Amino acid sequence: NVSETYLKKKDSCFWVAESDGRVVGTVACLPAEDSPGCLELKRMSVCRSHRGMGIAKALCQTVADFTRDRGYSAVVLRTSVVQTDAQKLYEHMGYRKIREFPVPEFIAKIINFTLIIYRLDLQRDGEQE
Numbered sequence: 001n002v003s004e005t006y007l008k009k010k011d012s013c014f015w016v017a018e019s020d021g022r023v024v025g026t027v028a029c030l031p032a033e034d035s036p037g038c039l040e041l042k043r044m045s046v047c048r049s050h051r052g053m054g055i056a057k058a059l060c061q062t063v064a065d066f067t068r069d070r071g072y073s074a075v076v077l078r079t080s081v082v083q084t085d086a087q088k089l090y091e092h093m094g095y096r097k098i099r100e101f102p103v104p105e106f107i108a109k110i111i112n113f114t115l116i117i118y119r120l121d122l123q124r125d126g127e128q129e
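In terms of my numbering, the sequence shown is residues 1 to 129.
Derived from the structure by calculation, the hints contain no laboratory data. No experiment lies behind these values; they were computed from the predicted model shown. Some hints could be false.
For lysine to any residue, the following SDA-like pairs were computed, each having C-alpha atoms within a straight-line distance of at most 20 Å [claimed, not checked]:
no., residue 1, residue 2
1, K88, S49
2, K9, K57
3, K9, V24
4, K97, L120
5, K97, M44
6, K88, F113
7, K42, F101
8, K97, T5
9, K42, T5
10, K57, T5
11, K10, L30
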């Protein structure tokens, strides 16, 4: 439930990208359960027909700006090893890989399904790099 999960809770939000009145991309964020002081980027998706147009970059930047504006220090996210295009995007956007781990569920173990956690540390306004 998008409304309950992302729109009614503090420091959570859900965005869509539209083209000709059609939703072509989504992203969301909420406070990260296992990373205090961070928001977690969730639900990143761009329609295949609209990839390569900068939509995913804009959605990532929207989450980073939202996170910074609320005083959080970083954005974290999880993706899988098979999502190579997503990994390239996140690394291009300045995210760094902080952990890889196999998913503990039985079926995932059989196929060696691995998740990757990325983190983007944010500068606050007025801070120098």
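Earlier hints that do not hold, by number: 2, 3, 8, 10
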